[in-house]
Amino acid sequence: GAASSSQPPPIAPTTAVPLLKGGGTWPVSSGAASSSQPPPMAPPAAVPPPVSGGARPSSSRKAKHIPMFLFVNTKSGGRRGAKFMQVPTPFEVQVGENVGVSLQIFDMLEGAPGQKPGFKLLKEATSRSVVRMIVAGGDGTILWAIEEAEKHGIDTRQQVLLAVVPLGTGNDFARFSGWGGHAPNMKAVTKGSCLGLVELVKAWAAARPHAHDIWKVVVEVEDGGRGLIMQTGKERKKEAMPEKKLVKLMHSYFSAGNDARAGMGQEKARTSTRWGNMLNYGFQICLKGMPFREKEYVRDFASSLHHGADGSGGVVFSTEEDEEGVPRLVGNPQVLLVLNIPNCYGGFCKFWEGAATMGVEPACDMNLLKSDLDPADGKLEVLTYGSLLFEPVVSVSTRKNSVMSRFNAKRVFSGAPLYMKFVGDDEDDVDVHVQIDGEFFKLRNPTSVSFELHRKIRVLYGGVSFEPKSVLDDSRPGEDAGFGTEESSSEGSSAEESS
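Here the sequence shown is numbered in this note's numbering, starting from 1 and rising by one per residue.
Note that these hints are calculated values from the structure, not bench results. Just so you know, not all the hints are guaranteed correct.
Stated by the list, open to error - Label pairs and their in silico Cβ distance ranges:
1) Arg226 <-> Arg79: 35 to 41 Å
2) Pro113 <-> Glu321: 45 to 51 Å
3) Gln231 <-> Pro117: 44 to 50 Å
4) Arg79 <-> Glu320: 47 to 53 Å
5) Gly111 <-> Ser312: 39 to 45 Å
6) Gly314 <-> Gly463: 38 to 44 Å
7) Lys120 <-> Gly78: 28 to 34 Å
Said to hold, decoys possible - Straight-line distance between alpha carbons at most 25 Å, and here's what the computed SDA-like set of lysine to any residue pairs gives:
8) Lys248 <-> Glu296
9) Lys83 <-> Ser127
10) Lys421 <-> Gly325
11) Lys187 <-> Thr74
12) Lys191 <-> Lys295
13) Lys83 <-> Pro117
14) Lys379 <-> Val247
15) Lys295 <-> Glu439
16) Lys123 <-> Leu249
17) Lys248 <-> Asp223
18) Lys64 <-> Arg79
19) Lys379 <-> Glu220
20) Lys379 <-> Val430
21) Lys123 <-> Glu147
22) Lys248 <-> Lys83
23) Lys295 <-> Val430
24) Lys216 <-> Lys64
As the structure is a computational prediction, the values presented were derived from the model and not from experiment. Even for Gly, the Cβ is constructed at its ideal location relative to N, Cα and C.
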């Protein structure tokens with residue numbers, strides 16, 4: 001598969017391009033020849049001219065071009081994502097001596113659900129090998145892409161590897177997986193020879209996969225006219241949904257209480273810029289956290305939390321006065337958090353690391369204070385905290401940094417599945433605000449919320465990121481058909497992917 005001696009392999013561009021406006025670099029696969037044996041320089045007439053995107057066409061017909069798919073939410077990032085659509089495709093990039101990437105770019109908005117052109121082509125490509133699927137957007141776009149892939153019959157456990165381009169407001173999942181919290185420099189990505197996109201493609205090709213749990217969250221409200229699920233609509237007003245049951249996938253975290261109430265206020269005043277939204281969210285937190293404002297307290301809306309698929313599971317805590325001998329909440333927290341990744345709120349807070357005390361009494365397991373959070377262990381971490389006022393300015397929260405005491409964050413439980421009963425009232429309405437991976441809802445007279453493992457996916461980790469305990473074996477069946485794995489696609493999957 002080597003190129004002939006009369007036609008040396010093309011030389012990949014080496015110009016350093018700043019990719020992140022907020023600083024930092026993207027990891028890059030070298031793919032270059034050894035410095036001790038540089039390739040001979042061809043005369044100018046023999047060097048293929050650059051194609052659009054700054055890549056060069058292969059000089060050897062035997063060079064493999066591996067398919068890679070980029071799905072873009074063109075509305076994300078103040079429509080910054082739409083600039084990706086200016087790049088002519090297929091966009092080919094040499095990532096090794098005899099290996100190239102053929103990148104296809106698709107608009108997530110194109111086509112009806114289950115009938116999207118890009119996902120139809122992705123389905124065809126996954127029949128031949130595991131494919132790297134890149135998603136450009138916010139935290140919600142990631143779930144949208146996973147759901148859309150499954151609607152097209154793609155097995156997201158085995159057939160795709162997921163990476164992220166952060167274009168949202170918080171970008172918690174992108175931060176956690178090492179791809180940063182800021183959008184790439186779109187001028188470097190789309191202008192001229194698109195050297196920025198070349199570097200991104202190399203980073204995606206070089207990244208290694210790790211397992212990640214995806215959870216199914218089911219929220220139910222009372223039947224009839226009393227129960228409502230409301231969301232901010234196109235007119236920036238709360239609109240009632242027709243359903244009495246909300247089923248969502250979750251990759252990062254769920255919360256109920258004052259933080260979600262502030263987030264819904266931010267949604268009603270959403271701007272076209274990330275920093276505008278962050279500042280607005282901080283303002284809403286301060287506003288909702290003022291002493292004179294009415295607040296949502298966990299004991300006012302949560303009746304009990306159970307370790308199980310329904311209310312018959314073991315009691316984690318209860319707020320019902322007539323129940324005796326069961327764990328009770330410590331203090332009067334304003335927020336209940338259910339975590340699958342360590343960071344939340346745009347990377348500002350790492351609550352699990354900072355929570356050094358127990359949030360229930362008597363404690364179910366004192367070893368909980370020694371446990372670490374792992375996004376692939378089939379467990380969810382539950383905690384409570386009390387204050388919102390300091391949230392916008394906290395950048396690091398660990399046990400070594402006592403700033404978390406301002407929140408009074410406390411550990412409650414680690415495990416799954418989970419089932420929470422809401423407080424019911426026959427006379428007055430009970431309103432609760434919740435959020436699932438940055439998507440906010442107001443619930444009127446809710447009855448329950450449950451969490452169960454949906455499946456494990458494989459996530460590509462970028463530069464410096466969280467290092468999980470449950471590291472996935474990189475050598476998966478048919479992976480990339482050319483990015484360093486040689487296993488046959490006919491081999492079976494591991495037991496850890498059977499969930």
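Each hint, compared with the structure:
{"no.": "1", "hint": "Arg226 <-> Arg79: 35 to 41 Å", "result": "holds, 39 Å"}
{"no.": "2", "hint": "Pro113 <-> Glu321: 45 to 51 Å", "result": "holds, 46 Å"}
{"no.": "3", "hint": "Gln231 <-> Pro117: 44 to 50 Å", "result": "violated, 28 Å"}
{"no.": "4", "hint": "Arg79 <-> Glu320: 47 to 53 Å", "result": "holds, 49 Å"}
{"no.": "5", "hint": "Gly111 <-> Ser312: 39 to 45 Å", "result": "holds, 43 Å"}
{"no.": "6", "hint": "Gly314 <-> Gly463: 38 to 44 Å", "result": "holds, 41 Å"}
{"no.": "7", "hint": "Lys120 <-> Gly78: 28 to 34 Å", "result": "holds, 29 Å"}
{"no.": "8", "hint": "Lys248 <-> Glu296", "result": "holds, 23 Å"}
{"no.": "9", "hint": "Lys83 <-> Ser127", "result": "violated, 30 Å"}
{"no.": "10", "hint": "Lys421 <-> Gly325", "result": "holds, 18 Å"}
{"no.": "11", "hint": "Lys187 <-> Thr74", "result": "holds, 16 Å"}
{"no.": "12", "hint": "Lys191 <-> Lys295", "result": "violated, 49 Å"}
{"no.": "13", "hint": "Lys83 <-> Pro117", "result": "holds, 19 Å"}
{"no.": "14", "hint": "Lys379 <-> Val247", "result": "holds, 19 Å"}
{"no.": "15", "hint": "Lys295 <-> Glu439", "result": "holds, 20 Å"}
{"no.": "16", "hint": "Lys123 <-> Leu249", "result": "holds, 21 Å"}
{"no.": "17", "hint": "Lys248 <-> Asp223", "result": "holds, 19 Å"}
{"no.": "18", "hint": "Lys64 <-> Arg79", "result": "violated, 34 Å"}
{"no.": "19", "hint": "Lys379 <-> Glu220", "result": "holds, 22 Å"}
{"no.": "20", "hint": "Lys379 <-> Val430", "result": "violated, 29 Å"}
{"no.": "21", "hint": "Lys123 <-> Glu147", "result": "holds, 13 Å"}
{"no.": "22", "hint": "Lys248 <-> Lys83", "result": "violated, 29 Å"}
{"no.": "23", "hint": "Lys295 <-> Val430", "result": "holds, 13 Å"}
{"no.": "24", "hint": "Lys216 <-> Lys64", "result": "violated, 38 Å"}
In summary, the numbered hints that this structure violates are 3, 9, 12, 18, 20, 22, 24.
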